[in-house]
Structure formats: C-alpha cells, structure tokens
Amino acid sequence: MTTAKSPQAGQSQPHGFDEIHILWISEGMSCDGDTVAVTAAAQPAIEDVVTGLVPGLPTVHLHNKVLSPTVGGEEFLAPFRAAARGELTPFILVIEGSIPNEKINGDGYWTSFGNHPNTGEPLTLNWWIDNLAPKAWAVVAAGTCATYGGIHAMAGNPTGCMGLADYLGSDFRSTGGLPIVNVPGCPVQPDNFMETLTWVLYHAAGSAPPPPLDEMLRPQWLFGKTVHEGCDRAGYYEQGDFAKDYNSPKCQVKIGCWGPVVNCNVPKRGWMGGIGGCPNVGGICIACTMPGFPDKFMPFMDMPPGGSLSSAIVKPYGAFIRRMRGITNSTANTEPRWRHNREELTSGYNPRWRP
Amino acid sequence: MTATKPERTAAKKQPQIMEMSWDPITRIIGNLGIYTKIDFANRLVTECHSTSSLFRGYSVFMKGKDPRDAGFITSRICGICGDNHTTCSVYAQNMAYGIKTPPLGETILNLGEAAEYMFDHTIFQDNLVFVDFCEAMVKETNPSLLARAENAEAPGAAVHGYRTIAEIMRAYNPFEGEVYREALKVSRTTREMFCLMEGRHVHPSTVYPGGVGTMPQPTLFTDYLSRLLDILDFVKKAVALNNDVFDFFYEALPGYEEVGRRRVLLGCWGCFQNPEVVDYRYENMTNWGRAMYVTPGIVVDGQLLTTDLVDINLGIRILLGSSYYKDWVNEEPFVTQDPLGNPVDMRHPWNQTTLPEPGKRDFGDRYSWVMSPRWFDRNSGQHLALDTGGGPFARLYTTALAGLVDTPYVKSTGRSVQISLPKSRTLPEMTLEWTIPQWSNALERNRARVYFVAYAAAMAVQFIEEGLARVRAGDTRVFTEFKVPDEAIGCGFHEAVRGVLSHHLVIRDGKIANYHPYPPTPWNGSPRDSYGTPGPYEDAVQDMPIFEENGPENFKGVDIMRAVRSFDPCLPCGVHMYVGQGRTIEKLHSPMWGAGHA
Chain A
1 MTTAKSPQAG
11 QSQPHGFDEI
21 HILWISEGMS
31 CDGDTVAVTA
41 AAQPAIEDVV
51 TGLVPGLPTV
61 HLHNKVLSPT
71 VGGEEFLAPF
81 RAAARGELTP
91 FILVIEGSIP
101 NEKINGDGYW
111 TSFGNHPNTG
121 EPLTLNWWID
131 NLAPKAWAVV
141 AAGTCATYGG
151 IHAMAGNPTG
161 CMGLADYLGS
171 DFRSTGGLPI
181 VNVPGCPVQP
191 DNFMETLTWV
201 LYHAAGSAPP
211 PPLDEMLRPQ
221 WLFGKTVHEG
231 CDRAGYYEQG
241 DFAKDYNSPK
251 CQVKIGCWGP
261 VVNCNVPKRG
271 WMGGIGGCPN
281 VGGICIACTM
291 PGFPDKFMPF
301 MDMPPGGSLS
311 SAIVKPYGAF
321 IRRMRGITNS
331 TANTEPRWRH
341 NREELTSGYN
351 PRWRP
Chain B
1 MTATKPERTA
11 AKKQPQIMEM
21 SWDPITRIIG
31 NLGIYTKIDF
41 ANRLVTECHS
51 TSSLFRGYSV
61 FMKGKDPRDA
71 GFITSRICGI
81 CGDNHTTCSV
91 YAQNMAYGIK
101 TPPLGETILN
111 LGEAAEYMFD
121 HTIFQDNLVF
131 VDFCEAMVKE
141 TNPSLLARAE
151 NAEAPGAAVH
161 GYRTIAEIMR
171 AYNPFEGEVY
181 REALKVSRTT
191 REMFCLMEGR
201 HVHPSTVYPG
211 GVGTMPQPTL
221 FTDYLSRLLD
231 ILDFVKKAVA
241 LNNDVFDFFY
251 EALPGYEEVG
261 RRRVLLGCWG
271 CFQNPEVVDY
281 RYENMTNWGR
291 AMYVTPGIVV
301 DGQLLTTDLV
311 DINLGIRILL
321 GSSYYKDWVN
331 EEPFVTQDPL
341 GNPVDMRHPW
351 NQTTLPEPGK
361 RDFGDRYSWV
371 MSPRWFDRNS
381 GQHLALDTGG
391 GPFARLYTTA
401 LAGLVDTPYV
411 KSTGRSVQIS
421 LPKSRTLPEM
431 TLEWTIPQWS
441 NALERNRARV
451 YFVAYAAAMA
461 VQFIEEGLAR
471 VRAGDTRVFT
481 EFKVPDEAIG
491 CGFHEAVRGV
501 LSHHLVIRDG
511 KIANYHPYPP
521 TPWNGSPRDS
531 YGTPGPYEDA
541 VQDMPIFEEN
551 GPENFKGVDI
561 MRAVRSFDPC
571 LPCGVHMYVG
581 QGRTIEKLHS
591 PMWGAGHA
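In the order they appear, the protein sequences are chains A and B.
Letter by letter, the first sequence follows residues 1 to 355 of my numbering.
Letter by letter, the second sequence follows residues 1 to 598 of my numbering.
Isolated chain A (complex conformation):
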C-alpha cells in the first residue's frame, strides 16, 4: 500500500497508485439504494472492479457495509478508523445519503456510524466527514441525497439535511486536487456510477486526466444532455401529439414529465442492460437527478408550468406536420407498382440485346 505524508491543504497529492481503498459510508439520510443500484451495473460490474478484471485500474479494496465480507462492528470499522487517524492512504471517500444538521438535535443524533471508542457514544456521520474528507484522495457523492440533499431535504423536513457540497463548500478540494465528484440520481443509474468511479480510478492509476465535471460537479459526458434530448417519445412532442393519460405511448409532458428541462441520460441509456427507463417506457420524469428535486417538481403528476406554453405553441405546427407525414407515410406504405406477377416486366429494365 502506498503511504504518503499528509499533504498541505490545497496541494495535490500525486497519483499513479497501485492500490486504493474505497471507504463507502451510506449512513447519510439514505435508503442504501445507490449501493444496491451499483450491484446492478454491468459496465463495468462491481465484482469485475473488485477482483481486478478491468485492465489498468489500481487494486481496489472496497469497504461497503452492504457487500462487506466482515461480520460487522469493529472489524468493518477498522479501515475507517485507520483512515481517520491518517494511517490509511490513499482512499476514495464515497458518501451516500444527505448530511443532516446535527447542530439542531440537542443531545441526540439524526444518524450515526459506529461509536466513539472511548466514550461509547454514537459517532455522527458529520464527525466522520469532518475527519475523513480532508484526508481523502477523492470524494464522491453517490445519489441525489448526497449530491444535493434530495428527497430527505424536502420542505418541512425535521433534520435540516443537505448535500455534501452544501456541507463541505462547493470549493472543496480533496488531497488529490479534485472537487467533489457528484453522481446524482434517485437512485444512481447503475452504469453511470460505475463508469464515473472507474474514471476516478483510471485517474488514480495515473492514466487519465481528472473527470470532466460541470458547474454542479456532475460528469459532463453523462449529464450534459437532457432527458428529452434522449427520449424516444420526443417525436410525438414535435408532432404536438400528447398523452392524455398513462394508457398512452405518446409524449407525457402534459401528464407530469419534466424531461425537457432535466439533465439525465436514462431514456438514452436505459436503466440496466438497455432495459427500462422513465418517459421512454411510460414513467413521467420527476427530475430525480436535479438539485431542485423534489420540491420544484411537485405535484409530480401535474403538467410542468412551462409545458403548457411549449405544448400550445407546438400544437398547430405539430398537427400540420403530422398530417403531412401521414400522407407521406401512406405513400411509403405502398409498394411500387412494378412489383407484380403479371406476364410482363414493368420495372423499367430494358433488355436491349434481346429481340
């Protein structure tokens, strides 16, 4: 294992590691759905990364509660405790779940991860982030809760929870010189997460530049396009042809789909193995990858306010174009007239050497 002196703040630790630990804490305001989703990935699969099947990656030691081979307790916590003491480097810190406000909880805790070894009192998630994030070579937020607060940060929530960048500051830099890497989604699309993680691991191996992120710290190649731009029902939209209820295969924008304004690749990519999705298979986009999720998109089953204007505008154009295409389509559905079984050739072929 590479051991490095703790670097100065702001000074980036070199990369080119042969081995790296992944310390994954899902004890945020979470449902563990991102961990579970990651086990659905096949591109690459988690076991292929852990067993070293993917060429060019460092040896990965995964410490994740759900998949841990340990019985639990201190055996599981040992690497986390070692890292907090500065004795385990380099490591990637993955946080799953939003970060509660522990300043408002009296003597208690909203969520904890293990106990303090001396006092036996629960150690809060926030304690771990305070102690691990400054030592982490990279910090990854898995899921919309950890990235932006998500469903548990809904209006009226009692825990005052937030995303990792709200907690650490959006100018946070890891010892590897990286900003927080946000992989939003509720849950994360399985391959999106594994692909991002492998990019970070290629970077750790010294064979890739840092992953390109947008201003909300999302991987650009995954979140640069909208749902609508990858939705196979967008053709209905263009023709002004909208579903009136959920029995319909048409565009769902009038029955709750926020796809046109949401950064997400699910309709294009499918959910897993190219199967499933959201509006492409009849499920309205509720914008679960977005910083404004969920409050800015509720009630989910109502038409987005912008949808009424754009669908009204597209309607006359769409209706006309649909009629024109209908005419062309019926032409396209008719075979050319020279395909027949009569005793003559009418294809236009001229056998000039025959009498």
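Think of the hints as simulated: they come from the structure by calculation, not from any bench.
The structure presented is a predicted model; accordingly, all values stated were derived computationally and were not measured.
Treat the hints with caution; some may be incorrect.
[Stated by the list, open to error] When the alpha-carbon atoms are kept at most 25 Å apart in a straight line, the in silico PhoX-like pairs for lysine-lysine are as follows:
no., chain 1, residue 1, chain 2, residue 2
1, A, 244, B, 65
2, B, 326, A, 254
3, B, 65, A, 254
4, B, 65, B, 360
5, A, 254, B, 483
6, A, 103, B, 326
7, A, 254, B, 100
8, B, 423, B, 100
9, A, 103, B, 360
10, B, 483, A, 250
11, A, 244, B, 483
12, B, 185, A, 296
13, A, 268, B, 185
[What the hints assert, rightly or not] Only part of the chain A face toward chain B is listed, based on derived beta-carbon distances under 8 Å:
no., residue
14, 50
15, 111
16, 113
17, 298
[Stated by the list, open to error] Listing some non-contacts, in silico: residues in chain A with all C-beta distances to chain B over 12 Å:
no., residue
18, 47
19, 51
20, 179
21, 206
22, 208
23, 305
24, 320
25, 321
Note that the Cβ used here is the ideal one computed from N, Cα and C, for glycine as well.
Please build the complex by placing chain B on the supplied structure of chain A, with the hints as guidance.
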C-alpha cells in the same frame, strides 16, 4: 469443539459475562447495531438490545403534500424494496380515491413485484446471508465444522452438482465463489424483469395510483418470460443447495435449531392481488384480501388466528417505550371509525402523529429511532410482538395453513405449499414442497427465503399467461382516471420482500393530513415496548446458545449475526443491540481483524 448442547435453563458453570457489540451490522440494508451480554462460560447470550441510529422523518415531511406524490416519495424509504412502498401506496390511494386498477395493470404490478422478490431474496441470500455460511467464514469461526463438511456428501448433488458440503461453502465465498458470482448475475436478470414491468429499479417510474404506464405489448411479456426461463435452473439448484447446507448444520451441530429461535408469532399482510376480485373498497377488503395469491394472516404458536385484513388492520398498535419520540396520545385523532363503523384506536397508524425527540442513547430508557409496532389480540388482551421471519417464512406459513391458494403453479395443502416450476434448460419440471417446520429459527427463516424465490417464479408463469391472454383479447387498458377527493382515508396492505407492509393515509382539503408507512423492519427490529416486551431480534438473540469455536479474544459472533440476518434487516426502516445495566463485567468490543480486506 467447545460447543455443547444448549442449556436453556440453569447454567452449569460460573457465568463469565462480557459485553459485546456490533455496530454497524454489515450485509444488511440501513443502520443497525446489536448490543449483547454473552456468558462465555456457558456459551449463551444473556441479553440483547437492538437499535437503529437513523431518522429521516417521512411522516413529518409528507404532511401537506399532494396525495398523488405519496408513491413516488415513499419509494425512497428503502433502496432495496422501495417498489414495495410504491405498490402499497398505490393500493392505499386507490382506496382513498375510490378507483380500481384495470386487470392488466394488476397483472403487470404482480409481475413487477414477483421479480422484486426473486431479485431481492437472491441477492440477500447468496451475497449477504450466505457469507456467514461460506468456507472463509466457517474456517474462521468453526474450523472443525469445515473439516467435517469436507467429507460430508451433499444429498442434492444430482441437482446442483456440488459433491460435498464444503464445496458448496466454497461456492459462496464472496466475490470469488461460483454461486456468489452467479447470484449477482441472476440479481441483474431479475432486475431487468422488474424494469420491464415497473420502469426502473428500485424506485419505479411507471407505477401510478389507478394503474401503470407500462405499454402492454406482447414483447413486454415475451421479454420477461425469456429472462424467467433463463434463471429457472438457478432457482431449482438454489433450493437444493440451501437444503443441503441447512440440514448439514442441524446434523453437525446438535442444538443449532435454538439459534435465533423464538415463539411462532408471525404476521403476513398478503400479496399478489387477484384482479378478478380486488376492488380496493374497505368494505370488501376481507374478501379481496383472502383472494390474494399469498394469503394474509396472523399465526400464533402454529394456530392461524385470522386471515381477515379488516381484523389485521384494526389490531395494529404503535407503541413507544424505548424510542426517541414524544407520545401523540394528546394530539387530535384523525380517524375514529373505519368505513365499517368499527372504532379505531388512538395508537393505530391512522391516528399517529410523529414527534421526533433526539436524545442520548440509554439502553435502560430510550435507545432507538425505531418504534414498537405490536398487534393487539382481542382474545388474549396481549400486544403481540409479531415478526415476519424475514418475510418468506411468514408468507409460506400463513399460506400453507390457510389452504386458500389454489392455482396451477402454487397450491396450499393446509400444512404445506406445493410449488411447480416448468422444465428449464438442464432440469426437468419440478414440484417443490415447503412443509411447515418445527421451529421459528434462523435456519428456517433462511430456508423459506429460497423457497419463496421459487414461489414467486411459479406465480410469475401464471401472471405471464394471464397478461398475454388479455393482450391477445385486445384488453390493453392499464390505467384508470381518478380525482383526488377533498376528504378521504385509505389503507394499503402488501407483503414487502421482508414481510408485512402497511400504508395508512388521511386526506383533508385535498392534501395529505397524515401518512404512516409501516414496513416489516419496525416490527422485527423494534426495541422494548412500553410493556417491556423485547422486539423480535432482541427476543430471538436473547438466551441463544453460541456454537462458534472462538473464545472471547477473537470472537466474531457469527451465530448472533446469523440470527439477526435471518430476519433480513432493512433499517432505512431501522435498529442497535446493547448491553444491560447489570454488573460489569469486562468490556470488550468486537475485535479488529486488520484494516484491508477486499
């Protein structure tokens, strides 16, 4: 081997008691801590507390929201069974809105939920639970048992192909074993089947009150069926593999039936609606509940007390006692009578108000964010701490006793459940029979889980046939339009993967006035209630014998972990186990085994 026959009565030796805790518990979902006192002289657990250290407050932040959002929001309660919440919420909303899903919509939901059981039970059993039974773990905890397993012929070798028990154990080694890796793949195939029906996993995109948005083309059912056929060999082999390992444990470690054992106190709220019968009217709930393809019921000491969802509903009580909440008895009740005119208790979820009060953890007082759901038995006057046996155990038990399920693929006999699976690539048609076992213990909870995968697969064959028949007949409606009433109540009952799941909804002024989801883990993982009755994990672990060969210095606690994991904890619904205030005793946390282990 140091393990002796369990002495459940007077201990023979001078007790040598130590505090041992495991926090967090791994290979489960959510935050759970287990705190015990163990008498190493007599190899017995003498005390156990379980606690969950996570609070998010769904019932708090759902107030005032649009009721139609409930299925989308409550799905996020859980990252492995969120779709069960969406489904249950949709059932509750259907009741409140006075609507009925078109039959094909029900069939699509049944197929989605069947895939969820197949996915979840497979990944949990083979990738989470079975690590406790794999070669690497047994070598560290019971080396002499492993030595015996090397020479123990596997009775099911003709089906699964592994000659000895030790070979089976090796196949479950994490990330390396053959079955472990195959199970991960199967968990992907089954999730694809799920996504075909419900859009995406685990939070569905195509499930709505009134039905689904899934397009019911023949392709949909063909894509599902072909994947189902792909995994049938695996399902049949899994049953044989599990039987071999668990039977070996009974035989090689006499007394192992006491691990995780408690009274038979089981609850099952039923699943797989029968589209011909269900109308979601509370007044008819008794009938359509009994028409479900897994029968709801409550079993006490082997007797089926009821199969009536109205009885089940009215008996639910949410007790406090050890949880970080202020009581709500002085708050305004929401529902004083059910739609049949029966009185509704103040401690019933319809009337609950969640008032979080974070505080220090004190095992003599309050120590968990989980409340204590109980079922009030009018006949005995007792608040029963029902468990779900991880889900499958209670489902098979009630269905077997009730004798109501009679389909071409699954039949209840009154004492067993017969499950018929069609021919698959390498194995012939098979009928598997789950017979009511002698005990409610860790091994039988685990065994039931693998049988229920077969159950779900068998029912899925029927649902595919029903779905295709409707599509061929031109009946392709999957969604019913509705209006949200200003004032209404609803309740949903569904078997989540891990067992009983209820959603209770109250609508006022067209908004959510009250919403309380009760998943299985609050039942299983509850702390001691106001009557001092321990929760099921606590009860199952307390007084449990220890068979691990290690002494206190390098004790792993594998038997305790097997007992707890047999319930399939899922703590985004919540738990922690503790040490009592008696005499002390040498303090010892569970030992460390070095930092890096992939």
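We went through each hint and held it up to the structure:
1. Of the supplied pair hints, the one linking residue 244 (chain A) and residue 65 (chain B) holds, its CA atoms being roughly 23 Å apart against a limit of 25 Å.
2. With a C-alpha separation of about 43 Å, the suggested pair residue 326 (chain B) and residue 254 (chain A) falls outside the 25 Å cut-off, and the hint is violated.
3. Among the hinted pairs, residue 65 (chain B) with residue 254 (chain A) is consistent with the structure: their alpha-carbon atoms are about 20 Å apart, no more than 25 Å.
4. Our distance criterion of 25 Å between C-alpha atoms is broken by residue 65 (chain B) and residue 360 (chain B), whose separation comes to about 32 Å.
5. Between residue 254 (chain A) and residue 483 (chain B) the alpha-carbon distance is near 16 Å, which keeps this suggested pair within the 25 Å criterion.
6. Between the alpha carbons of residue 103 (chain A) and residue 326 (chain B) the distance comes to roughly 20 Å, so the proposed pair stays at or under 25 Å and holds.
7. Taking the CA atoms of residue 254 (chain A) and residue 100 (chain B), the gap is about 23 Å. The hint holds against a cut of 25 Å.
8. Restraint check: the Cα-Cα separation between residue 423 (chain B) and residue 100 (chain B) comes to about 36 Å, which exceeds 25 Å; the hinted pair is violated.
9. Our distance criterion of 25 Å between C-alpha atoms is met by residue 103 (chain A) and residue 360 (chain B), whose separation comes to about 14 Å.
10. Among the hinted pairs, residue 483 (chain B) with residue 250 (chain A) is consistent with the structure: their alpha-carbon atoms are about 22 Å apart, no more than 25 Å.
11. Taking the CA atoms of residue 244 (chain A) and residue 483 (chain B), the gap is about 14 Å. The hint holds against a cut of 25 Å.
12. Between residue 185 (chain B) and residue 296 (chain A), the direct Cα distance comes to roughly 37 Å. Violation of the 25 Å bound is thereby established for this hinted pair.
13. A distance of roughly 23 Å separates the Cα atoms of residue 268 (chain A) and residue 185 (chain B); the hinted pair therefore holds under the 25 Å criterion.
14. The beta carbon of residue 50 (chain A) is positioned within 8 Å of a beta carbon in chain B (closest approach about 6 Å), and the interface hint is therefore held.
15. Nearest Cβ of chain B to the Cβ of residue 111 (chain A): about 5 Å, under the 8 Å cut. The hint holds.
16. Interface hint status for residue 113 (chain A): upheld, as the beta-carbon distance to the closest one in chain B is roughly 6 Å, under 8 Å.
17. A distance limit of 8 Å between C-beta atoms decides the matter here; for residue 298 (chain A) the minimum to chain B is near 6 Å, and the interface restraint holds.
18. For residue 47 (chain A), the requirement that its beta carbon stay farther than 12 Å from each beta carbon of chain B is not met, with the minimum near 5 Å.
19. The Cβ of residue 51 (chain A) does not lie farther than 12 Å from every Cβ of chain B; its closest approach is about 6 Å, which violates its non-interface assignment.
20. Every Cβ of chain B is farther than 12 Å from the Cβ of residue 179 (chain A); the closest lies at roughly 26 Å, confirming the non-interface assignment.
21. With a closest Cβ-Cβ approach of about 21 Å to chain B, residue 206 (chain A) is found to remain outside the 12 Å limit, as its non-interface label requires.
22. Residue-level check passed: residue 208 (chain A) sits 22 Å from the nearest beta carbon of chain B, beyond 12 Å.
23. Every beta carbon of chain B lies more than 12 Å from that of residue 305 (chain A), the smallest distance being close to 15 Å; the non-interface claim holds.
24. At roughly 27 Å, the least C-beta separation between residue 320 (chain A) and chain B is larger than 12 Å, which holds for a residue marked as non-interface.
25. Non-interface status of residue 321 (chain A) relative to chain B is upheld: no Cβ of that chain comes within 12 Å, the nearest being about 24 Å off.
The structure fails hints 2, 4, 8, 12, 18, 19 (numbered hints given earlier, in ascending order).
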